[in-house]
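Novice: Okay, here's what each chain looks like letter by letter:
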Amino acid sequence: MRKHADVIFEFVSLGALLVALAALAALVFDLVSDGGSRLSWQFLTNIASRNAENAGVYHALMGSIWVIALTGALALPAGVAAAIYLEEYGSRSRTARFIELNISNLAAVPSIIYGLLGLGLFVRLMAMGQSVMAGAATLALLALPVVIMSTREALRTVPNTIREGSYALGATKWQTIWNQVLPMALPGVLTGLILALSRAIGETAPLITIGALTYIPFAPDGIWSKFTVLPIQVFNWVSRPQPEFKANAAAGILVLMVLLLSMNAIAIVVRDRQQRRGRA
Amino acid sequence: MLLLPIRLVSLPQGKPVVSLASVVALVFALAACGGGANSSGASSSGGTTLVTLDGSSTVFPISEAVAEEFQKATAGVNVTVGISGTGGGFQKFCRGEIDIADASRPISASEVAACGKTGIEFIEMPVAYDGIAITVNPKAAWADKITVAELKTLWAPEAQGKVTKWNQIRASWPDREIHLFGAGVDSGTYDYFTEAINGKAKASRGDFTSSEDDNVLVQGISNDELAIGFLPFAYYEENAARLKLVPVDDDKADNGAGAVLPSPETIKIGSYQPLSRPVFIYVSKKAADRPEVQQFVEFYMKNAETLVREVNYVGLGPEIYGMVSDRFAKRHTGSVFSGQNTVGVTIDQLLNKERAQ
Numbered sequence: 001m002r003k004h005a006d007v008i009f010e011f012v013s014l015g016a017l018l019v020a021l022a023a024l025a026a027l028v029f030d031l032v033s034d035g036g037s038r039l040s041w042q043f044l045t046n047i048a049s050r051n052a053e054n055a056g057v058y059h060a061l062m063g064s065i066w067v068i069a070l071t072g073a074l075a076l077p078a079g080v081a082a083a084i085y086l087e088e089y090g091s092r093s094r095t096a097r098f099i100e101l102n103i104s105n106l107a108a109v110p111s112i113i114y115g116l117l118g119l120g121l122f123v124r125l126m127a128m129g130q131s132v133m134a135g136a137a138t139l140a141l142l143a144l145p146v147v148i149m150s151t152r153e154a155l156r157t158v159p160n161t162i163r164e165g166s167y168a169l170g171a172t173k174w175q176t177i178w179n180q181v182l183p184m185a186l187p188g189v190l191t192g193l194i195l196a197l198s199r200a201i202g203e204t205a206p207l208i209t210i211g212a213l214t215y216i217p218f219a220p221d222g223i224w225s226k227f228t229v230l231p232i233q234v235f236n237w238v239s240r241p242q243p244e245f246k247a248n249a250a251a252g253i254l255v256l257m258v259l260l261l262s263m264n265a266i267a268i269v270v271r272d273r274q275q276r277r278g279r280a
Numbered sequence: 001m002l003l004l005p006i007r008l009v010s011l012p013q014g015k016p017v018v019s020l021a022s023v024v025a026l027v028f029a030l031a032a033c034g035g036g037a038n039s040s041g042a043s044s045s046g047g048t049t050l051v052t053l054d055g056s057s058t059v060f061p062i063s064e065a066v067a068e069e070f071q072k073a074t075a076g077v078n079v080t081v082g083i084s085g086t087g088g089g090f091q092k093f094c095r096g097e098i099d100i101a102d103a104s105r106p107i108s109a110s111e112v113a114a115c116g117k118t119g120i121e122f123i124e125m126p127v128a129y130d131g132i133a134i135t136v137n138p139k140a141a142w143a144d145k146i147t148v149a150e151l152k153t154l155w156a157p158e159a160q161g162k163v164t165k166w167n168q169i170r171a172s173w174p175d176r177e178i179h180l181f182g183a184g185v186d187s188g189t190y191d192y193f194t195e196a197i198n199g200k201a202k203a204s205r206g207d208f209t210s211s212e213d214d215n216v217l218v219q220g221i222s223n224d225e226l227a228i229g230f231l232p233f234a235y236y237e238e239n240a241a242r243l244k245l246v247p248v249d250d251d252k253a254d255n256g257a258g259a260v261l262p263s264p265e266t267i268k269i270g271s272y273q274p275l276s277r278p279v280f281i282y283v284s285k286k287a288a289d290r291p292e293v294q295q296f297v298e299f300y301m302k303n304a305e306t307l308v309r310e311v312n313y314v315g316l317g318p319e320i321y322g323m324v325s326d327r328f329a330k331r332h333t334g335s336v337f338s339g340q341n342t343v344g345v346t347i348d349q350l351l352n353k354e355r356a357q
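Those protein sequences? They're chains A and B, same order as listed. In case it helps, this note's numbering puts the first sequence at residues 1 to 280. In case it helps, this note's numbering puts the second sequence at residues 1 to 357.
Bear in mind the hints are in silico, worked out from the structure with no lab data behind them. Just to be clear, a hint being listed does not mean it is correct.
Not everything, but these chain A residues come out facing chain B in the computed CB check (under 8 angstroms) [stated by the list, open to error]: (1) Gly36; (2) Ser49; (3) Leu213; (4) Val238; (5) Pro241.
Note that the Cβ used here is the ideal one computed from N, Cα and C, for glycine as well.
Hey, can you work out the whole structure from these sequences and the hints?
Specialist: Structure (structure tokens):
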């Protein structure tokens, strides 16, 4: 009887896994069958157009790359620093727990709220305008809670013996963190960053709120340039009356997926390398 | 000296710390460039000039088409178009953040006041006609026409939960359920439909299938024999094979007696009433002094008739475009439509308003 339960449980688990994989496969199959034929070099190098055949994603792809790179550059140091404070310096006081709770809450705030904050704070008050910088700063706020939480988890997995060993040899707290703890925690930090950026790259609502454009005939030429991103372009195509734009939307999603996967691949390579080095 | 023992015990060395440090340095470098920020929509880099538009999603396809063609014809000028909604567009326009506002309704009194406060003068220019189509499933043979009064019976707030069968609208129609589809309640199409049919914007029954994505409505109506719904004329035109158009009778003889089918012609001559309306662009007078903005607006007027039809809207005809261009050339500012209901404004009335200016 116990053996049976064991087998049944294994198959139920396998079934659950297959459902998730089947959903992904169906999505990819649907996108490829709808938009695969639209994917071409031209699609990547052309800009938006009212004619579906001439329309491309160059401006949006470049916009997405600019925004997400800058988002990572802003969220990573701020998130890591905040986590270091909470984990290594902060006390286990009531205040600390209160801050912790609020960071978890921030992760659950709907993204459009961040958009409104970005509009008020970055676009208007700090006069960044509808720039790549304003968009990245808004998305960095969105990514921050996830980066902080995963960095803290990673810092916690570093054995205390390492810290103690470092102190024993006369290192200061800062030297210990910078030279011992942080390098060991880096794989976990990067995992968190991947998760956060993967969410940020698909965001539309906060960027529309801060005034990202819909039609823009050029790629960003700097962080103060106006911009659009792939999800906004896809959204625009889906809502058009002409059926031909559906294929463009599917192809646009494929481009976004490839961008996302290659971004993750880079992070995974960096992480694995780091893990190997950590073990050596 | 202090560092030496640490080197001895450090496990993973160098690289990650370096990359982390460089990221930090990059961020500080970026922050240092912050002085170059500009919030004005007017300037650009690299020797090219910029014309900025924002506002209604209804007007977006028209402005986008004009922008695309304008850039092919004019070197060195970039045009950007955003979709913030008519209200959002006017907000930016009155702050001086954009050159031109796309609007699916006339500027409101409070928006005029907001522009007055910042000293933004504007030129109001109608650019096209937009119609709303009443559509049913192609199998609904009985739905041959509908009057405005019948539409009101069906869509009025009081009808909620009560008018649920076709024969409650007209006795000769079948004793079967009626399924309602309509544009999303945040859309300009919904505002306009409710104003034209129920006499008050945003007042309607709530028990209908609504979607901000009009393609969902097309899908719904084309799969449901008992469906009736309203959607922008452009969406009907692109899906004409899957939908059946219902002619609308406004019970007034002066613009063509009987029920009228929406078509580019009936919308243009003003016989498809009250479900068609003019849409606008508002040009900042100050921005119009910049040569690239002036060129763009002139190009807009010259090519509107062709481009508007290409994106499934209806042009105003050469006479009106000519008059509006003249008014732009004279920089005639202010709004004649402000605070008014443009539901059912016909070309003739538009012409008279233009002549009176």
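Novice: Please go over all the hints and tell whether each is borne out by the structure.
Specialist: Status of the hints after comparison with the structure:
1. Gly36: With a minimum Cβ separation of about 21 angstroms from chain B (threshold 8 angstroms), the hint on A:Gly36 is violated.
2. Ser49: For A:Ser49, the interface hint holds, since the closest Cβ of chain B sits about 6 angstroms away, which is under 8 angstroms.
3. Leu213: Given a least distance of 5 angstroms, the restraint on A:Leu213 holds.
4. Val238: 7 angstroms, holds
5. Pro241: 4 angstroms, holds
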